[in-house]
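Engineer: Go ahead and model the full structure; you've got the sequences and the hints to work with.
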Amino acid sequence: MVQIAWRTGVNMREFAYYGTEAVKFTNAGLQKRQLDQLQPLQVKLVRFYASFAQLTPSQCIQRVKTALDLLHQADMQGIVCLCDALSSPFVTRGDDDYHRGPGGQIVKAYWYEKAYTRNFLPFATSMADALKDHPALFMFELGNEYAIHPQPASGEDGQAFLEFAQAASEALKNAAPHTLVSTGLVNSNHVAPAGQQKAFGTRLYGLASLDAVSIHYYADDGEKGYVPTEVSVAEAVGKPYYIGEFGAPEHWQDRAGWYRDQLQEWFNNGAFTAMPWAFDSSPSDVGVSDTKSFSPIRPQYNEIRNVVQSFGRPAIAVIVPDWKAAVPGLLKSPSVEDNTKRVASIASPTLEWPPEVIKVFVITDGPVSVRTQPRRVPETLIKGLLLNTGQRIEMDGMSRIETDGYVWWRHKDGWSAEKSLTTSEVNMVEEVSTPQPMQPIIDASIPTSSTATGTMPAMTPPPKLDAPDLTTTKTLRVIDGPVVVRDAPTREPRALIKGKSFRTGQRIEVDANSRTEAEDYVWWRHKDGWSAERSLSDPAQVFMIEDTGSTAVTGNVMFERLPLDLSVMQWFYYYGNTEFAFKFGTSKSYDAYSQGLHGGLDFGHPGGAPIVAGLSASAQGKCTYVGNQRKFPPNRVDIQVGPYLLIYGHVANPNFNLQGQLVGPDTPIGVIDGEMRHMHLEIRLGGKIVNPLPFFPKPLEDAVLAKFPPRGEFGFHSFGGKWEAPFDQPDIDVGGVVKGPRGK
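Following my numbering, the numbering of the sequence shown begins with 1 at its first residue and continues without gaps.
Derived by calculation from the structure, the hints in this document are not laboratory data.
Keep in mind that this is a model prediction, so the values were computed, not measured.
A portion of the hints provided could be inaccurate.
What the hints assert, rightly or not - For each label pair, taking beta carbons as the anchor points, the in silico distance ranges come out as:
hint: 1; residue 1: A5; residue 2: G287; range: 31 to 37 angstroms
hint: 2; residue 1: A5; residue 2: P296; range: 28 to 34 angstroms
hint: 3; residue 1: S126; residue 2: R392; range: 33 to 39 angstroms
For each residue, glycine too, the CB sits at the ideal point set by N, CA and C.
Structural biologist: And the structure:
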């Protein structure tokens, strides 16, 4: 953790651009006049914006360098905010078209299309490279007040922003490894899926390339209500936090007293700075202040100056270690014989996650290494710390990240890889409860026997709810856990019943007459409270389905046509206990991935034939991924149909425009790859792979069976009369133990 002592700071948004078209009523001399007024206050930090759309990147870099030179002469440093996320002149050149959301906010397409790679990342990298050794450069911010609109954000929205934050912060760190980097956010709630500020914020600021947690609020905007949660995020990831903006409007009663209370609060509670908005010493309006500014044209300017001055302190230098090193210098110390535990504890501080976001994984192919960061490079490895086969590990359920070709999860010792995105390597699988009738959740620490002695520990009583009517019930099964429990059908945080949740695979008896639609979700009531079944607007958000005793519901047809036209198809491999899987399961990594069985249908062709989605319009399939960073190269396309994930693997020339779109029977997916010579169709439900064949209408099933009868190498392996027919095949646990003929 980087240690940063208190330093007083202010905002001067336009500081680098005084005397330009950005602020027409200023001149360059205002820069020095402002700093002259700040020096007696012992101000040590100035936050300002780096981009101006009318100037080239090189011109912007020169303006920022000049500003930093002046700050250095005044014994101050700068927080360089790379761009404004709102509608203003201070946006990255070429990105203007994306600032068309509410209030000029960047639209979602910017994240989904990775449009930031065109202009923003080159600009940010050049800026960091040019200024990395400047003594007045204190920190970079990715931008000012990014937010996802419209709200509420979906999980996909949050993931898209997270990918931006990782790409941008790593680019800055690679160019300027000893410079701090933060986000410039108001708080994590502005980019998090609905109701997930703490969990998503922990995931965001858990990125090794981000050094500090950003917080903004004003007296009249209601954002301070989210601040305690954001401070808890900083504590969870073991990183410092700062108030990058705060202020009160000119009509606020006793403005100076309010500023004093805010500064005192953050000085006492551990922020490294709290920066009043929009300092300007000009006696008249020159276009660099607003109604919430700290300036002579607003009430109580001198009183606020005195308040700020009272918190002035000499700045203590900050040493920023190389972000790629676990703990720089520690391993080189001759006085430390075994640093493994120290490295682990420092690199990954003790984390406490609420029970509802914990996921439990079982190591299936150990030993699995532990790293200080989710990166497969030698310097991140924590030597001597391994996870062994069979070991159960609790993970932060919101920490999942895809990078360096792997899926990573964070646990209390560091980061470990679940599986490869490009090969069939699987190191661990999520623990799925054996489906049982739902039982009340019991605190194991409390004696249950009537003869037990001793004093029962005090515990918080659960919310008092009227007993649900369970005379008529239906059974739901969790397919995407953990599913939390609430005392009412609402996503209001105060409704959450802490410590109660249902894991993937668990069955829940619900009141069959309790179905309620509220806040874009379908809710059901059970013995312990209320839980959400699915989203009404996002088909990808399905947490529970009706339990029928089997995974693939009979008659649940979703296809209208075959993804590859039968007339050009040259061979066909079935799902499950196939002869091919029996012979080549080890060499093809089926053992590690799909329990030694074939986890899908293979549509054979030499290459170049078109692949279509084949789904009926009523299936409401939505494309959630197109790319080459997951299993089944060279590319794969993922489509979500209710609770089912459909994977179209080994695709060439994929339709990149499909991301986020609904698909129909004739929607182009891509073409058969000439090297792989087939398309692999896989259907997942939760952590299971299911047989795709029953999801086709009977005429199509019959046509495939007639042209490609399951015999010989295209048939099924003998297994005592079991699993030897196309529709008599088991569900497959991803990464589970080998079963079938070779798993005896």
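Engineer: All the hints need checking, so say for each whether the structure fits it.
Structural biologist: Hints and how they fare:
The supplied range of 31 to 37 angstroms is met by A5 and G287, whose beta-carbon atoms lie about 35 angstroms from each other. The hinted window of 28 to 34 angstroms between A5 and P296 holds, with their beta carbons roughly 31 angstroms apart. For the pair S126 and R392, the supplied restraint of 33 to 39 angstroms is violated, since their beta-carbon distance comes to about 47 angstroms.
In this structure, the one hint that does not hold is number 3.
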